[in-house]
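Following the hints, put chains B and X in place on chain S, whose structure we already have.
Chains as they are written, first to last, in numbering that gives the first Met the number 0: chain S, 0 to 318; chain B, 0 to 366; chain X, 0 to 296.
Please note that a few of the clues may not be correct.
[Unchecked claim] Label pairs and their computed distance ranges (CB to CB):
(1) 108/S <-> 258/X: 21 to 27 angstroms
(2) 218/B <-> 0/X: 33 to 39 angstroms
(3) 97/X <-> 62/B: 46 to 52 angstroms
(4) 37/B <-> 186/X: 48 to 54 angstroms
(5) 185/X <-> 249/B: 22 to 28 angstroms
(6) 314/S <-> 93/B: 44 to 50 angstroms
(7) 134/S <-> 337/B: 55 to 61 angstroms
[What the hints assert, rightly or not] Cut-off 30 angstroms, straight-line C-alpha distance, at most; resulting in silico cross-link-like pairs (DSSO-like, lysine-lysine):
(8) 312/B <-> 184/X
(9) 177/X <-> 14/S
(10) 112/B <-> 1/X
(11) 232/S <-> 81/B
(12) 232/S <-> 164/B
(13) 81/B <-> 1/X
(14) 182/X <-> 14/S
(15) 232/S <-> 112/B
Just so you know, these hints were derived from the structure itself, not from any lab.
The model shown is predicted, which means the values in this text are computed figures rather than measured ones.
Every residue gets a Cβ at the ideal spot worked out from N, C-alpha and C, and that includes glycine.
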Amino acid sequence: MKLSAIRPILFLICKELAIAGLLLLGVSFVVFIILILSPGDPFSLLLKGQMASNTVGAGTLEAVKVPAAWYVQYLSWLSNILRGNFGTSIRTGLPVLSEVVRVGINTLYLTIGSMLVTLLLAVPIALFSARRGMTVFNWTSTIFTYVVSALPVFWFGYIVIYISMHQFGLFPLAFGSSSQKISWLYFILPVFVLGIGNGTISEVVRYLREEMERVFSEDYIRLARAKGASIWKHSLTEGFLIPITEIIASKIPFILGGAVVVEQVFNWPGMGRMAWQAAQDRDYPLIMGITIVAAIIVRLGSLIQSVVYIIVNPRASQE
Amino acid sequence: MSIAPVLQIENLRTYFYSRSKEAFIRSVDGVSLEIDKGETLGIVGESGSGKSITALSTMGLISAEPGVIIGKIRLTTESVQKDLLQDLNNYVKIDRSPGMIMEVYKDNSGWQKYTDRMMRGIRGKEISMIFQNPKVSLNPFITIGKQITESIMLNTPIKNRNEAKERALYWLEQVKIDSPRLRYNNNPYGLSGGMCQRAMIAMALSSEPSLLIADEPTTGLDATIQSKIVGLLAELKSSVGVTAMLISHDINVIMELSDKVAVMYGGTVLEHGPAKDILTEGSLYKHPYTEALLGSIPNEQHIREKGYLQAIKGDVLDTINIPEGCRFHARCNKITDRTREQCEHIEPDLKEVSPGHSVMCWLFVDS
Amino acid sequence: MKRYSQYSTNVGDFSDVPFWKKAGTMDLVYVSYGIFIVILVIVSYILGAFNLLPFDPHEINLKLLMAPPKTAGHILGTDFMGRDILSRLIIGIQAYFLPGLLAIAIALVIGTCFGILAGYWGGGFDTAITYISNLLNSFPRLVLILLMVAAFKPDIYYIMVIVGITNVPVVASLIKGKIQFLKQKYFIEAATALGLKNRIIIFKHILWHNCRSVLIIQATLGMAEAILMETSLSYLGFGVQEPVPSWGNMVLSGANYFMQGKFWPSTAPALAILFTIMGFHLLGDGLNNILEMKRSK
Chain S
0 MKLSAIRPIL
10 FLICKELAIA
20 GLLLLGVSFV
30 VFIILILSPG
40 DPFSLLLKGQ
50 MASNTVGAGT
60 LEAVKVPAAW
70 YVQYLSWLSN
80 ILRGNFGTSI
90 RTGLPVLSEV
100 VRVGINTLYL
110 TIGSMLVTLL
120 LAVPIALFSA
130 RRGMTVFNWT
140 STIFTYVVSA
150 LPVFWFGYIV
160 IYISMHQFGL
170 FPLAFGSSSQ
180 KISWLYFILP
190 VFVLGIGNGT
200 ISEVVRYLRE
210 EMERVFSEDY
220 IRLARAKGAS
230 IWKHSLTEGF
240 LIPITEIIAS
250 KIPFILGGAV
260 VVEQVFNWPG
270 MGRMAWQAAQ
280 DRDYPLIMGI
290 TIVAAIIVRL
300 GSLIQSVVYI
310 IVNPRASQE
Chain B
0 MSIAPVLQIE
10 NLRTYFYSRS
20 KEAFIRSVDG
30 VSLEIDKGET
40 LGIVGESGSG
50 KSITALSTMG
60 LISAEPGVII
70 GKIRLTTESV
80 QKDLLQDLNN
90 YVKIDRSPGM
100 IMEVYKDNSG
110 WQKYTDRMMR
120 GIRGKEISMI
130 FQNPKVSLNP
140 FITIGKQITE
150 SIMLNTPIKN
160 RNEAKERALY
170 WLEQVKIDSP
180 RLRYNNNPYG
190 LSGGMCQRAM
200 IAMALSSEPS
210 LLIADEPTTG
220 LDATIQSKIV
230 GLLAELKSSV
240 GVTAMLISHD
250 INVIMELSDK
260 VAVMYGGTVL
270 EHGPAKDILT
280 EGSLYKHPYT
290 EALLGSIPNE
300 QHIREKGYLQ
310 AIKGDVLDTI
320 NIPEGCRFHA
330 RCNKITDRTR
340 EQCEHIEPDL
350 KEVSPGHSVM
360 CWLFVDS
Chain X
0 MKRYSQYSTN
10 VGDFSDVPFW
20 KKAGTMDLVY
30 VSYGIFIVIL
40 VIVSYILGAF
50 NLLPFDPHEI
60 NLKLLMAPPK
70 TAGHILGTDF
80 MGRDILSRLI
90 IGIQAYFLPG
100 LLAIAIALVI
110 GTCFGILAGY
120 WGGGFDTAIT
130 YISNLLNSFP
140 RLVLILLMVA
150 AFKPDIYYIM
160 VIVGITNVPV
170 VASLIKGKIQ
180 FLKQKYFIEA
190 ATALGLKNRI
200 IIFKHILWHN
210 CRSVLIIQAT
220 LGMAEAILME
230 TSLSYLGFGV
240 QEPVPSWGNM
250 VLSGANYFMQ
260 GKFWPSTAPA
270 LAILFTIMGF
280 HLLGDGLNNI
290 LEMKRSK
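Chain S extracted, bound-state conformation:
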């Protein structure tokens, strides 16, 4: 790539980073508002927990004084957050951020894995029906995706567990236990359930197919055909690469939400199950931390998508 083209690209990427930062700031503000408006004033508790971690240890909780004005509270909370101090969990007393990150890895595995499963099914259907039009295969696969998208994911999980229990003799109820015959199956099942049962497939298929069809009718594809070139090669960028990054980035929050349910069904130790537990316990620091980390993951996905778009699209960088 030419050097002269790199500089505007870098500039745009920095702009995207700045926007992501501003959005995360907004996220922190929304979380703050929710917590400070909550009855029972959990926010002070949170703040105390943060400040206590900053000083010596737990025992100083009562001795810590919380500033009165709300904006000062927000700022001091925010400064702690930015330093990685998310406070400590009310239930376990462990620092929130490290706990969330620890289980977040498992959720990340679920998220990425399920996305791959969804794409594995959705992409062929979308591309095939974009190219060949409405054939019998397309109708049936479209209806199939609709049915599968409306399935309650928890019930689907039960079915999968039941089948694996009785057909394969596997009891996927313990994480990482090595006493099972086919323990690798345990890692596949939740991914499979989340990828298929979460309702993402039908929308991904529809979006990809629409975008591909739109690109197929573009003038430059007509020119490519007129000169004997391969349509796929020319439509790949705008019809496939850009829409896929777009739809993946926009579905990440949805998948994270589904992970909450699936982790519950499979007793999977991830962020979702931790969030459920935290909500049950009214463990504010923990649920707050999870919300913020989830938002960070979402924005990261969106950032990657913007970067891909900027790199691939000459129009974007030649304004």
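Below, chains B and X without anything else, positioned relative to chain S:
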């Protein structure tokens, strides 16, 4: 022995079906044309007359349904002699049950696959096509240089990338684009319409096709650029000796570049013949439509003579409801009492009025 | 072979065949199924509201545990406590119906306002609303709801407010897109030039004539979303609690029995969820294809 024409279109019909009106739109309704080697055939007509559809039918690029239905398109070049619509009868059947105007059975995907197979090796190699709106016709994600190089590697024996690049640069020079080496790496986004059109012409000619189809190459460009592109095409015509089908609604463009002219209206060819016969005003045998077209060109002479711009009365033919008789009769200002009966009820045939020059009009048929 | 027939040449300028001939067959199937489901839901809701149920949904019958469908007058059988499943399903609709309407109302009203501000006046409004939309989209819905539940109480109406608010970006961008489309067609410029007041342009011309189909479609999809959220939350134990039935908590309480091979108490509500959400989705997508995509010439 006379050499066979490069392209011979016989009785081409391309219809589209409107589901909302449950009727056929007869975009091309029996068109026959011939282009000889080294010749430029100019097809002129108003929007909706079927000119572009004729070109797209020849290239097999019609995707709307049902598309091309019947006809013969014979391509004769040094390496290829075939009927581009051959054997496609297997995929289409035209019927007419009682109480019905027309019924067409078509296997669209089969036809499309067969056409693609048939046209492989012809598109881009034997016949090249350029379109209007050059900025959106080029792939916005790839540099113009790469697009030309791609065409060269696909359609000529040159398979080495560096050689192809050299060839691409050569052609960029031929189309008089400034600083070819620099422009090679530009994206279409950064180039003006005129430059994009030059690049598209370079790409079309770089594979040295036997026939170049230019569909409204100057429409959509600024007026000054238009004349430059026309000048470029004229130069290339003499230097490269390209055989071309030039489509335009702008008579001036047609006048400058064509050897032969075909005038289309409502999906048919009303008149065709040598350019100098048809396009000079005041010559004897000419279809009323052609005369009216020439008379409506806004130039100094006309305005001085008449004082206002001469329009053609009436609306463009609706290609669903094709009236009885001559397609143009409703707007014709040369109907005489002698021919009125026929003009309104029977469609005339093409009649040769002078060597090589045929007109479809009752005025030239002795009863 | 596809068949194309023309019956007459007497095709007037503006005569278009009615939309049910123009639309694709599958879309009509989708929409009919969707409408059927909507009617079913509304009727069931009314039945439930007036307590016109075959059995008392809370009545425990220990002699008839987990009976299969069509036993002793229980059309859909009984659950693990002998309660009639059909009656419980009908009552379960109340868990999401009105709250769902609230979510839809919030999403449509606020979303439309935002869309109009961003599209019609643009500029600073557009930037602000884009920012807010991206902000709202940064949260996974369920996680945000859990945060709300932890901070406040697990009330289904609070939750639906969140669902509604998180749906605002979609509606706003659709409305804004429509307005930009109309602007591009100089439609709005022409109306302004004619001297029409902004208010009239917005309400009559933009919203009513151009946006109403989009809004209806968003309402159907919003209801599907609301059902999904409500059932997921009841499944997780928030939202409606036992013994009040919700389709979500019915699946949950039947889970143990599912693993023992007694599928029905868990499956019946799951199927209800499946067919209902599918109905709303198909209705929305079908209407979208018919009304929004002008596919036929």
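Taking the hints in turn, this is what the structure says about them:
The beta-carbon spacing between residue 108/S and residue 258/X, approximately 25 angstroms, falls within the hinted interval of 21 to 27 angstroms. Between residue 218/B and residue 0/X the Cβ separation comes to about 37 angstroms, which falls inside the hinted range of 33 to 39 angstroms. A hinted range of 46 to 52 angstroms for the beta carbons of residue 97/X and residue 62/B is consistent with their spacing of about 49 angstroms. Taking the beta carbon of each, residue 37/B and residue 186/X are about 51 angstroms apart, inside 48 to 54 angstroms as hinted.
Our hint of 22 to 28 angstroms for residue 185/X and residue 249/B holds, since their Cβ atoms are close to 26 angstroms apart. Checking the proposed 44 to 50 angstroms range against residue 314/S and residue 93/B shows it holds: the Cβ atoms sit about 46 angstroms from each other. Taken as a hint, the range 55 to 61 angstroms holds for the pair residue 134/S and residue 337/B, whose Cβ atoms sit roughly 57 angstroms apart. Between residue 312/B and residue 184/X the alpha-carbon distance is near 28 angstroms, which keeps this suggested pair within the 30 angstroms criterion.
Only pairs whose Cα atoms come within 30 angstroms are accepted, and residue 177/X paired with residue 14/S is accepted, the gap being roughly 28 angstroms. Distance check on the hinted pair: residue 112/B and residue 1/X sit about 15 angstroms apart at the alpha-carbon level, within 30 angstroms; holds. Between the alpha carbons of residue 232/S and residue 81/B the distance comes to roughly 29 angstroms, so the proposed pair stays at or under 30 angstroms and holds. Only pairs whose Cα atoms come within 30 angstroms are accepted, and residue 232/S paired with residue 164/B is accepted, the gap being roughly 19 angstroms.
For the suggested pair residue 81/B and residue 1/X, the alpha carbons sit about 28 angstroms apart, so the restraint of at most 30 angstroms is met. Simply put, residue 182/X and residue 14/S have alpha-carbon atoms about 29 angstroms apart, close enough for the 30 angstroms limit, and the pair holds. Distance check on the hinted pair: residue 232/S and residue 112/B sit about 18 angstroms apart at the alpha-carbon level, within 30 angstroms; holds.
When the structure is compared with the earlier hints, no violation turns up for any of them.
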